[in-house]
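So the sequence lines, in the order shown, correspond to chains A and B. According to the working numbering, the residues represented by the first sequence are 1 to 493, in order. According to the working numbering, the residues represented by the second sequence are 1 to 315, in order.
Some hints here could point you the wrong way.
DSS-like mimics (lysine-lysine), calculated; alpha carbons at most 27 Å apart, straight line [claimed, not checked]:
| id | chain 1 | residue 1 | chain 2 | residue 2 |
| --- | --- | --- | --- | --- |
| 1 | A | Lys-290 | A | Lys-330 |
| 2 | B | Lys-179 | A | Lys-23 |
| 3 | A | Lys-184 | B | Lys-179 |
| 4 | A | Lys-382 | A | Lys-123 |
| 5 | A | Lys-422 | A | Lys-432 |
| 6 | A | Lys-432 | A | Lys-74 |
Keep in mind that the hints were calculated from the coordinates and are not lab data. Owing to the predicted nature of the structure, the values given are computational and were not obtained by experimental measurement.
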Amino acid sequence: MLKRSLAAALLVTASLVPAHAAKTTLVLGMAVEPPGLDPTVAAPVAIREVTYANLYEGLVRIDREGKVQPLLAKSWEVAPDGLTYTFRLQTGVKFHDGTAFDSADVKFAFDRARAPTSTNAQKQIFAPIDAIETPDPATVVIKLKEPSGNFLYYLGWGDASIVAPETAENNKANPVGTGPFKFKAWNRGDRVELVRNADYWQPGKVKLDSVTFRFINDPQAQVAAVRAGDVDAFPNIGAPELFADLKKDSRFTAVAGNTEGEIVAGLNNAKKPFDDVRVRRALMHAIDRKTLIEGAYSGFGQPIGTHFSPNHPAFTDQTKAIPFDQAKAKALLQEAGYGNGLSLTIKSPQMAYASRSAELMAAMLSEVGVELKIVPTEFPAKWIEEVFRNKDFDMTIVAHAEPLDVDIYARDTYYFNYKNEKLKAAVAAASKTPDEKARFAQYAEAQKILAEDVPALFLFQLPKLGVWNAKLKGLWENTPIPSNDVTEAYWVD
Amino acid sequence: MLRLIASRTASLLVTLLAVSAAIFLILEVLPGDPAAIMLGTAAREDTLAALRLELGLDRPAPERYLAWIGGMLRGDFGISLTYRMPVSTLIAERLAVTIPLSLLAILISTLIAIPLGVLAAARRDGAADRAVLVFSQVGVAVPNFWIGILFILLFATGLGWFPAGGFPGWQAGFGPALKALVLPAFALALPQAAVLTRVTRSATLDVIGADFVRTARAKGVPAGQTLRRHVVPNALIPVATILGLQLSFVFGGAILVENVFNLPGLGRLAFQALAQRDLVVIKDVVLLFAAIVIAVNFLVDIAYLVLDPRLRSRA
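Let's have the full structure, built from the sequences with the hints guiding it.
This is the structure we're talking about:
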């Protein structure tokens with residue numbers, strides 16, 4: 001009895017607490033659980049979606065506009081020859097275990113990433129490094145073997161996070177960084193919990209006291225969790241067919257932004273008939289991107305005409321280069337000697353966007369006399385082996401999730417089997433040009449070459465369908481870098 | 001009794017060994033390189049080689065098989081390739097969801113099915129019988145995950161009585177954890193209850209028609225008492241067999257329901273491990289499923305002994 005009246009009293013007190021104290025906890029939903037919490041030893045995007053900017057920090061960071069901003073490095077100078085980078089570090093920064101951050105940690109983190117035993121998924125970021133010097137605890141000098149135009153940008157990736165020698169080995173299960181949130185618990189299969197780092201070097205920077213990442217794979221379950229209020233935000237929800245309903249619901253903010261993922265139907269360019277540019281162009285002319293996006297992603301998603309993210313400042317729209325034109329497609333096929341029809345196969349992974357796009361493409365291609373057979377495959381396991389490594393395919397379809405990955409078309413060993421010296425020259429020039437304007441001009445050139453040469457059918461940018469409580473502010477609309485940065489998130493009344 | 005247990009244990013070990021060899025061979029021929037999956041498409045050859053070395057994937061197959069079996073015998077289930085933590089810990093965390101969920105589902109299923117089945121048989125062709133038949137027909141036809149989706153729409157997003165999914169963990173307290181399991185347990189239980197109801201009904205009808213029941217009634221035993229003392233105990237033997245099968249099914253087959261309710265159970269662990277080719281986890285979990293099926297069958301055999309005195313004297 002006493003207990004009950006006590007509980008009642010507590011309830012009354014709780015309801016008397018002023019309502020205008022804004023909430024400081026956040027529950028954020030993600031589709032995929034990360035397999036570990038160390039972005040410096042594995043590729044999965046889900047790792048970055050928990051840790052980027054929240055747990056770990058790099059010398060620099062990529063902001064919501066896709067631009068490079070200082071972070072652990074407060075400033076830097078690049079020598080005129082583009083070979084020497086001098087970084088001035090923040091002082092008074094501590095790792096979550098209490099040890100101090102200084103230039104030795106930067107040297108350790110980068111040496112670890114470029115060592116022969118390193119399992120860093122983006123080891124090429126560190127390939128240009130010749131030597132790392134630490135003249136004093138607050139200065140790092142990085143000498144490059146050759147100029148690298150995107151070096152600073154790449155240092156903003158999760159793969160270049162700064163980790164400490166004392167704790168790096170255990171970061172997979174017990175991450176220790178310098179970020180505004182520190183690791184609290186991981187209930188595998190369900191959630192990762194972070195709490196505010198009271199010793200953060202930018203006091204007052206974050207408003208939230210705790211962030212919980214919940215992993216909900218099933219799209220229906222994701223929407224149910226949002227509607228039931230079990231999660232406050234789902235930055236990239238997997239149910240495009242329900243997104244229009246969520247947009248109409250005034251309890252939520254629903255924003256369709258862009259990810260870094262270009263959905264392309266890759267062609268095996270070394271194989272007949274794809275070695276003929278007329279066939280590639282004909283296939284592209286036969287695709288009505290707008291209808292495809294309508295069917296494959298309920299109309300959300302930006303059509304693309306080349307392989308370059310609209311989030312990147314160097315983006316140019318190339319969708320007009322080879323527009324939807326069935327007559328032109330037929331004429332080109334006739335010219336290439338396939339006037340009587342053509343039969344192709346597409347290896348289509350299980351993701352809904354891929355299998356739906358493949359079905360729509362089959363219907364569109366049949367209108368110009370091309371029969372497209374759909375062969376299901378499993379991503380990533382089987383696809384990486386069959387398509388990516390063994391190149392045993394005609395056509396395939398996946399989203400390429402890495403930011404700034406136009407250089408894949410310049411790699412001889414890449415699964416497209418594509419060789420184009422003009423493109424290689426443009427990509428190489430861009431990667432060696434430190435001057436931003438000149439570099440972006442080279443990227444524009446590369447985008448144009450790809451749009452006209454069609455080594456893959458460029459379909460659409462995978463959208464980021466974000467939905468969150470209308471009282472929650474500060475989340476990102478686009479993801480120029482794979483992340484769920486909650487450092488600027490806050491609640492209003 | 002002891003002899004039975006000894007022979008069952010021996011057959012359990014032989015079966016497990018055969019299962020272990022089969023699962024190992026299947027995973028050997030299954031396409032997919034765990035290192036390539038972890039490191040993605042940008043990884044360089046030397047990086048892949050470094051990770052394979054770290055994970056021990058470079059060693060020859062027979063050596064890896066023996067290391068796995070040897071480890072199991074010592075109680076070492078190995079380290080997960082993706083989570084990089086002991087598989088025994090991972091499995092234990094998942095069992096803390098899957099075992100209570102399965103037992104709760106079977107309990108609900110039994111509590112629904114046996115009374116309904118007996119009632120239907122006792123009122124054969126009556127209105128109650130017809131109603132029960134309709135329930136079991138619908139229950140058999142509707143998949144459990146779909147019931148789950150309906151439950152979420154009604155009780156979670158609609159009425160807000162239960163969470164829409166997820167599992168807070170037992171450390172959050174008994175109440176919240178149990179609350180998270182109620183809807184999925186009912187979703188799992190209803191189709192099972194439908195099957196079990198039909199089995200109970202027909203088993204009861206078989207026994208009702210038997211000579212000894214007629215004799216009991218002729219001796220003047222009241223109908224209710226005949227049902228309780230003579231009919232139901234005999235009818236439970238086939239019911240126990242089906243219940244055993246259902247327990248194995250619920251244990252391993254809850255994956256769709258776990259997916260809909262986003263529960264971190266054993267089925268989801270197996271599915272996730274397969275997608276990421278976490279070979280160590282897949283092997284251990286499949287072997288565990290096999291062990292559970294065998295163990296449940298063993299328990300069902302024991303249950304026969306308890307339910308049927310004739311078998312007891314023979315054993």
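Restraint check for B:Lys-179 with A:Lys-23, where alpha carbons must lie at most 27 Å apart: Measuring from Cα to Cα gives roughly 25 Å; hence the hint holds.
Against the 27 Å threshold, does the CA-CA distance of A:Lys-432 and A:Lys-74 hold or violate the hint? holds (24 Å)
Is A:Lys-290 within 27 Å of A:Lys-330, Cα to Cα? holds (20 Å)
Is the Cα-Cα distance between A:Lys-382 and A:Lys-123 27 Å or less? Given pair A:Lys-382, A:Lys-123 holds - Cα atoms ~24 Å apart, limit 27 Å.
A:Lys-184 and B:Lys-179 were given as a pair; does the straight-line alpha-carbon distance stay at or below 27 Å? Holds - the C-alpha atoms of B:Lys-179 and A:Lys-184 are around 24 Å apart, at most 27 Å.
Verify the proposed pairing of A:Lys-422 with A:Lys-432, using a straight-line Cα cut of 27 Å. The given pair, whose Cα atoms are some 16 Å apart, holds under the 27 Å limit.
Hint compliance for this structure: no hint is broken.
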